[in-house]
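Asks: Chains as they are written, first to last, in the working numbering: chain A, 1 to 554; chain B, 1 to 161.
Treat the hints as calculated values from the structure; they're not laboratory data.
We treat Cβ as the ideally placed atom computed from N, Cα and C, and that holds for glycine.
Accuracy of the hints is not assured; some may be wrong.
[Unchecked claim] From the derived model, a few chain B residues whose C-beta atoms are all more than 10 Å from chain A:
1. Ala19
2. Leu73
3. Val89
[Claimed, not checked] One-sided and incomplete, this derived list gives chain A residues near chain B with beta-carbon spacing under 7 Å:
4. Asn13
5. Glu14
6. Gln151
7. His156
8. Phe161
9. Arg239
10. Arg243
11. Asn245
12. Ala249
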Amino acid sequence: MYKYDNYDHKIVNERVEQFRDQTQRYLAGEIADEEFLPLRLQNGLYLQRLAPMLRIAVPYGMLSSAQVRKLAHISRVYDKGYVHFTTRQNIQLNWPALEEVPDILSELAEVEMHAIQTSGNCIRNTTTDQFAGVARDEIEDPRPWCELIRQWSTLHPEFAFLPRKFKIAVCGSEEDRAAFLLHDIGLQLVKNDAGELGFEVFVGGGLGRTPIIGSSIRKFLPKQHLLSYLDAILRVYNRFGNRDNKYKARIKILVKAWTPEVFAERVEAEWEHIKDGPSTLTDTEFARVKSFFPLPQYQTIDGADSAKQLATTASDNIAFSRWLDRNTQLQKQAGYRSVTLSLKPAGVAPGDVTDKQLETIADLADRYSFGELRATHNQNVVLTDVVESDLFELWQQAKQSGLATPTIGTINDMICCPGGDYCSLANAKSIPVAEAIQRKFSDLDYVYDLGDLELNISGCMNACGHHHIGHIGILGVDKKGKEWYQIQLGGSANKNAALGKVLGPSLSRDEITDGIEKLLDVYVENRIADESFLNTYQRIGIEKFKERVYASTT
Amino acid sequence: MPQLLKDNRVIEDSWTYLAEDAQSLPDGDLLLSYAQWQIFSDQIEAHRGNVGVVIEGNAEIEDIIEPLLKLPLIAINFPKFADGRGFSVASLLRDRYNYCGEIRAVGGFIRDQLYLLSRCGFNAFKFIEDIDLSEASKSLEDFSETYQVSADQENPLFRRR
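In isolation and in its complexed conformation, chain A is listed as follows:
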């Protein structure tokens, strides 16, 4: 993965000192609350319901084992011994003390980490596919491009006070695993007819209160122009985005108001002035950044032989075989798999891990995965490049640490925001709902029979839990001080991205799991052969689901 040189170290260290000074001046009463607010947000620090929350950047989800050990140490020394993996591939500490945050940042800087721009109205962490570099359907490894964007966006002088937050995702494969159409900018790596690499550029996607799927504004942007084109988009947005109403301030509202065609014209006009300037990327820089993402030293493995042996091991052990089936993925390299360590055992907030588990994850990465791992936007951890013959051993160790819940991609692998238990924006709790669902659907045979099913829970309409794009989405709403839950159906985050439709009136906390069960009954009764929940819904529509859920409650 990317390694800092002296320049990167200097910038991150100077950011730590800048924030230390700002924190001291704030604590001394020299900076007003409303002025400190964006300063701390730009460094990932929220003042939450119970305590501050610090969001640490994990650029495009990549972590080294050394970084994970440092996070374990930080969570133990400065927090309560656990951390939370977010839906933007970042990591949150829920209980740090404000006055200790500069020290935490300083420790993070030692392992080339920071909290720069993890919140606030600025360019946030760039996200991508957790299987980057190993996915079988990959066109090009997106990580060097993410790193180039990370450096370009870090402390960009012109775009630190945008109308609203700004998120960029890069997709390097055929399948979309980065939800890039639901980002302010979504970049799809493509090759043109001449075989040259470039990007199709989408803008104006996003979740939140007004979910919108991004529009293509340029079919092919030659790779060397990436940064100047981003500059042009951001400059148009910074100047003309709505600043009067924060709910109309995202770029998607501007793109919709102008139409994508007009927006594209404005960007192209701006870009004309800067396109061949010094920000044009050079071959030297491509080569430099690419060199940080080499293929590991793979052994030559007879794929067929390895698969056969694995099948034999699995046939003796049903639990291992289930895990193999749900929690591992084939790679483009024969004899290797990517393993998803589940952070979703029932009874734990989705995405939470303890310091001990972090250390186990670091050990597993060192032993089996070349010392690297990835955070996923589904709030799990992926170890890539695991030799198939190591899988059984890895599974046993992961299982011992509660990291092998064999439910990846099922209803129990839900995405869930911290909700009303922690977040001051939330209208309702989300973690207890996730837990109730996991407890209700604890029969693994039933869960497997349901197959691939994405269930996403957000505690408010800001949609951190991505409820709009869950096959089943649950949105917490507040009605006269009571928590209610709206159900949405049919959302999806792949290249045929779709936003969920509201099923009907919201349900109370007591009714929600029964409601979900009824949805699943309708699916099981109506599905044809191996049809997924989403496909069945798309075929039969929302009515049957609606009738069943509301039949007995009215």
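Given chain A, put chain B in place with the hints provided.
Replies: Coordinates of chain B only, in the frame set by chain A:
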């Protein structure tokens, strides 16, 4: 005389705003709103003293900037510090229009923005409140290295590494 931060030094501010109801231009260095500048444009030639114009972050500067480029001072107003449009306006003045005069930040910007403002081409800072300017000027030095191209850095880091 009031003070401001300019070119990293605390200096006396010789400029005054033209009164809203002014009927003519009094002698001295005057800051005019863009509307005033339009009204008094035929008197500027004969004015005894300098004239500068204050523009807003939302100005469509492409349409208005040409005649302003010969002025010694263009001020950009921040209605509040979180309104970052002025950063783009200053960048355009320096990069696209090669404006070499003083670009002054006025209005609600704050000390902790000084470094980024200066990178976008601002070289003078007039705070609304009376603050310790030499203390504040430390924020101009928050960083000694930077990734991007900007008004004060013609090559991105990747061309200098």
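Asks: For every hint, state whether the structure bears it out.
Replies: Outcome of the hint check:
1. Ala19: holds, 29 Å
2. Leu73: holds, 21 Å
3. Val89: Nearest chain A Cβ is 8 Å from Val89 of chain B, so the label is violated.
4. Asn13: violated, 10 Å
5. Glu14: holds, 5 Å
6. Gln151: holds, 5 Å
7. His156: holds, 6 Å
8. Phe161: holds, 3 Å
9. Arg239: holds, 5 Å
10. Arg243: With Cβ-Cβ at 6 Å, under 7 Å, it holds.
11. Asn245: violated, 14 Å
12. Ala249: Check failed: Cβ of Ala249 of chain A comes no nearer than 11 Å to chain B, outside 7 Å.
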